[in-house]
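**Student:** Please put together the full structure from these sequences, using the hints given.
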Amino acid sequence: MPQPHPLAQLPPVEEEGDFYVGYYRQAPPSRARWVQRAVALLGLVACGLALLFAFAQAPSPPARFEASQLETFEGTLELRPHPTLWLASPSPGPAPAWSLLVAPGKHGAEALVAGLNGRAIRLQGRPIRREGGLMIEVEPGTVEPLPGPAATAPARRSLGRIELEGEIVDGKCYLGAMVPGEGKPHRGCAARCISGGAPPLLRVRAENGPAFQVLLMAEDGGPLGPEILPFVAEPVRVKGTLYRQGSRLVLALGGAIERL
Amino acid sequence: MSHGYKAVGWNRQKRLYDGVLAAGVATYLLLFCGGMLLTRDTATLETALIRDLGTCALLLLHVVLVVGPLARLDRRFLPLLYNRRHLGVTTFLLGLAHGTFALVQYHAGGNRPWLVSLLSANPRLGSFSQFPFELLGVLALLILFLMAATSHDFWLANLGAPVWKALHMAVYLAYALLIAHVALGVLQAETHPALAGALVAGASTVVGLHLLAGWRERAGDRPAEARLPSSSEADGGFLEVCRLGEIPEKRARIVTVGGERVAVFRYDGKVSAVSNVCRHQNGPLGEGRIVGGCITCPWHGYQYLPETGSSPPPFAEKVPTYRVRLEGDRVLVHPFAHPPGTRQEPACSDMATLATAPPASIES
Amino acid sequence: MDISTAQALVLGLGLYTGLGVLVALPFVLRGAGRVDPGAERAPWSFRLLILPGAVALWPLVARWWLRARRREGP
Numbered sequence: 001m002p003q004p005h006p007l008a009q010l011p012p013v014e015e016e017g018d019f020y021v022g023y024y025r026q027a028p029p030s031r032a033r034w035v036q037r038a039v040a041l042l043g044l045v046a047c048g049l050a051l052l053f054a055f056a057q058a059p060s061p062p063a064r065f066e067a068s069q070l071e072t073f074e075g076t077l078e079l080r081p082h083p084t085l086w087l088a089s090p091s092p093g094p095a096p097a098w099s100l101l102v103a104p105g106k107h108g109a110e111a112l113v114a115g116l117n118g119r120a121i122r123l124q125g126r127p128i129r130r131e132g133g134l135m136i137e138v139e140p141g142t143v144e145p146l147p148g149p150a151a152t153a154p155a156r157r158s159l160g161r162i163e164l165e166g167e168i169v170d171g172k173c174y175l176g177a178m179v180p181g182e183g184k185p186h187r188g189c190a191a192r193c194i195s196g197g198a199p200p201l202l203r204v205r206a207e208n209g210p211a212f213q214v215l216l217m218a219e220d221g222g223p224l225g226p227e228i229l230p231f232v233a234e235p236v237r238v239k240g241t242l243y244r245q246g247s248r249l250v251l252a253l254g255g256a257i258e259r260l
Numbered sequence: 261m262s263h264g265y266k267a268v269g270w271n272r273q274k275r276l277y278d279g280v281l282a283a284g285v286a287t288y289l290l291l292f293c294g295g296m297l298l299t300r301d302t303a304t305l306e307t308a309l310i311r312d313l314g315t316c317a318l319l320l321l322h323v324v325l326v327v328g329p330l331a332r333l334d335r336r337f338l339p340l341l342y343n344r345r346h347l348g349v350t351t352f353l354l355g356l357a358h359g360t361f362a363l364v365q366y367h368a369g370g371n372r373p374w375l376v377s378l379l380s381a382n383p384r385l386g387s388f389s390q391f392p393f394e395l396l397g398v399l400a401l402l403i404l405f406l407m408a409a410t411s412h413d414f415w416l417a418n419l420g421a422p423v424w425k426a427l428h429m430a431v432y433l434a435y436a437l438l439i440a441h442v443a444l445g446v447l448q449a450e451t452h453p454a455l456a457g458a459l460v461a462g463a464s465t466v467v468g469l470h471l472l473a474g475w476r477e478r479a480g481d482r483p484a485e486a487r488l489p490s491s492s493e494a495d496g497g498f499l500e501v502c503r504l505g506e507i508p509e510k511r512a513r514i515v516t517v518g519g520e521r522v523a524v525f526r527y528d529g530k531v532s533a534v535s536n537v538c539r540h541q542n543g544p545l546g547e548g549r550i551v552g553g554c555i556t557c558p559w560h561g562y563q564y565l566p567e568t569g570s571s572p573p574p575f576a577e578k579v580p581t582y583r584v585r586l587e588g589d590r591v592l593v594h595p596f597a598h599p600p601g602t603r604q605e606p607a608c609s610d611m612a613t614l615a616t617a618p619p620a621s622i623e624s
Numbered sequence: 625m626d627i628s629t630a631q632a633l634v635l636g637l638g639l640y641t642g643l644g645v646l647v648a649l650p651f652v653l654r655g656a657g658r659v660d661p662g663a664e665r666a667p668w669s670f671r672l673l674i675l676p677g678a679v680a681l682w683p684l685v686a687r688w689w690l691r692a693r694r695r696e697g698p
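Protein chains in written order, with this note's numbering: chain A, 1 to 260; chain B, 261 to 624; chain C, 625 to 698.
Take the hints with a grain of salt, since some may be wrong.
A short, non-exhaustive set of chain B residues, derived as facing chain C with CB atoms under 10 Å [to be verified]:
| id | residue |
| --- | --- |
| 1 | SER380 |
| 2 | PRO383 |
| 3 | TRP415 |
Straight-line C-alpha distance at most 25 Å; calculated SDA-like pairs for lysine to any residue [said to hold, decoys possible]:
| id | chain 1 | residue 1 | chain 2 | residue 2 |
| --- | --- | --- | --- | --- |
| 4 | B | LYS425 | C | ARG658 |
| 5 | A | LYS239 | A | LEU253 |
| 6 | B | LYS266 | A | GLN26 |
| 7 | B | LYS578 | C | ALA666 |
Now the in silico label distances, taken between C-beta atoms and shown as ranges [claimed, not checked]:
| id | chain 1 | residue 1 | chain 2 | residue 2 | range |
| --- | --- | --- | --- | --- | --- |
| 8 | A | ARG33 | B | GLY468 | 24 to 30 Å |
| 9 | A | LEU51 | B | GLY468 | 22 to 28 Å |
| 10 | A | GLU163 | B | LEU402 | 41 to 47 Å |
Treat the hints as calculated values from the structure; they're not laboratory data.
For every residue, glycine included, the Cβ atom is placed at its ideal position computed from N, Cα and C.
**Tutor:** This is the structure in structure tokens:
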């Protein structure tokens, strides 16, 4: 003889009035109480999880995009490998003497400052800052050449061949346009920004001491091409000649990028 | 029920359900965003929103997935099942918002169309840790969209229950894709063990409750089927399924006959048997009750007359019916499933049988 | 995936969705009622609600509609 289905007996105690029909106005009181308790518990768990997820994420890096601050900057423009403004009047203190330039969106600033290499210029833009470093998102239409002679950009001094390990990031997001602007979740954006002309940086995590960034360029001193896109946002080893130019480091890639 | 569709068949319980749901979602979103922005002075609203919406959608998907097995394990959870489709649609909408924000944040304003960038920006299809996790999210969102878009009873009626059910079983594929989306995505950067731990705990809960409910249900089916072919119990093709006294008044016993689950109802001195599977969403009719003379499904309250297996007019749902006989207090069911809506004479118990086989006390 | 595959996919999705809208709009306004009598006098909110599904499943929906027309005659 087939056995009665065990689920037909669950729960063992069920009063006649406990049958729940959703389109009835009132749920049976005992059912309503049970559901209220279950939902309250679920709500508490959800609130706890919301706070856990919020607090358990890594601390945000000290990077910031002052999107509402349009400031004026002056300096000497260097176009290659990526537009850089060597600032004419650095404010006192630890302010940087140079700033990479980018355009709004996921684009480099080449088109906004084309033809002005080596000239003194004035432009308006929004500062992007990370750990004392500065990048400017140039406001289109505000770039103007200044009369008179321009100061020359510092020369590059070779520090020799070197091998470095780190992550290729797009300068704009990493320096503060997005927080966090690095790592796996940001990979697609990094590829998009670099392919659009944002300067690629190698974020080197030193064994002892803080991470530092190196601007990447091609061996001929120009920007790198799309060949680096498959290597962004993951651990890589790169080889090349390291240069010091003023207070910044630039690496001319020589040889293939290796995945770690 | 499928008589003159409405957008939503609102009633008080659904309003309550949706009100609590909306309040819960809003509280979660505020707590997450607030917690993240207040404890990090450089955190941005964009990133907070993307993560907030994504985690909320995934959490809600867990709720959607555990409500089913919970209600099978303990019927007191059934009211949570009643409006589960609104949970599902809300999950999709949160996922859509998460995906849209992420698409705009990471792929808009560049040198390629957004969607092309989304699909092609990470070419590492051959890698595990670097796999383009976005594609997994896109696929899951497509599945959730199809489910949300076809959640109205119009689609259930016109696609047919088997196709509709199969389509909605794809939620498990979507769930697996989303677990991989999170594990290969944000967890590659956010390495706090509590986050990975929460994902593992969530997946274990979903899998564990399904296994438990499935095991409980199979444990009920197996002995019945194993004992079925015994010819000594066959009686003109009829099979003895239980004693009359084992069926509580206005309720049913679920028995397995010929490999199918059959609900044998006892009401007003009569016994009728219909398929255990509700036409609406395959709800277990045998766990329902006779309410107002009709078998009433415990999931959404769909109703059928016990003698004909047909919904009372103007509704048109029908379930297969079975012939029933009473011999003394032995209840016999013929294993042939008659076409949905076929009238069967209910077996009537005489007063003598009733006297010797009072309905099972529900507490027993 | 490479860019040409991605472009082809997005183009395909766009075409499918475009055709879907062309089929789904008249379907939710008229066809749904021919296919399912329950939808004949349904309110606009119902029609709006089934629109996304009709766009997504337009080849199926078109077949239902054609079959209903053939059954009823022209």
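**Student:** Regarding the pair A:LYS239 and A:LEU253, is the alpha-carbon distance no greater than 25 Å?
**Tutor:** Satisfied, since the Cα-Cα distance of roughly 6 Å is no more than 25 Å.
**Student:** Could you grab the alpha-carbon distance between B:LYS425 and C:ARG658 and see if it respects the 25 Å cut-off?
**Tutor:** holds (24 Å)
**Student:** The hint says 41 to 47 Å between A:GLU163 and B:LEU402; measuring C-beta to C-beta, is that right?
**Tutor:** holds (44 Å)
**Student:** Would you settle whether the hint for B:SER380 is holds or violated, based on the nearest Cβ-Cβ distance to chain C being less than 10 Å?
**Tutor:** It holds, given that the least Cβ distance between B:SER380 and chain C is near 4 Å, below 10 Å.
**Student:** Does the nearest C-beta of chain C fall within a distance shorter than 10 Å of the C-beta of B:PRO383?
**Tutor:** Holds - the Cβ of B:PRO383 comes within 10 Å of chain C, reaching about 7 Å at its closest.
**Student:** Return holds or violated for the Cβ distance of A:LEU51 and B:GLY468 against the range 22 to 28 Å.
**Tutor:** holds (25 Å)
**Student:** Taking 10 Å as the limit, does the beta-carbon of B:TRP415 come near enough to a beta-carbon in chain C?
**Tutor:** It holds, given that the least Cβ distance between B:TRP415 and chain C is near 6 Å, below 10 Å.
**Student:** Checking one constraint from the list: CA of B:LYS266 to CA of A:GLN26, max 25 Å. Satisfied?
**Tutor:** holds (22 Å)
**Student:** When you take the CB atoms of A:ARG33 and B:GLY468, is the distance between them in 24 to 30 Å?
**Tutor:** holds (26 Å)
**Student:** Verify the proposed pairing of B:LYS578 with C:ALA666, using a straight-line Cα cut of 25 Å.
**Tutor:** holds (23 Å)
No hint from the list above goes unmet by this structure.
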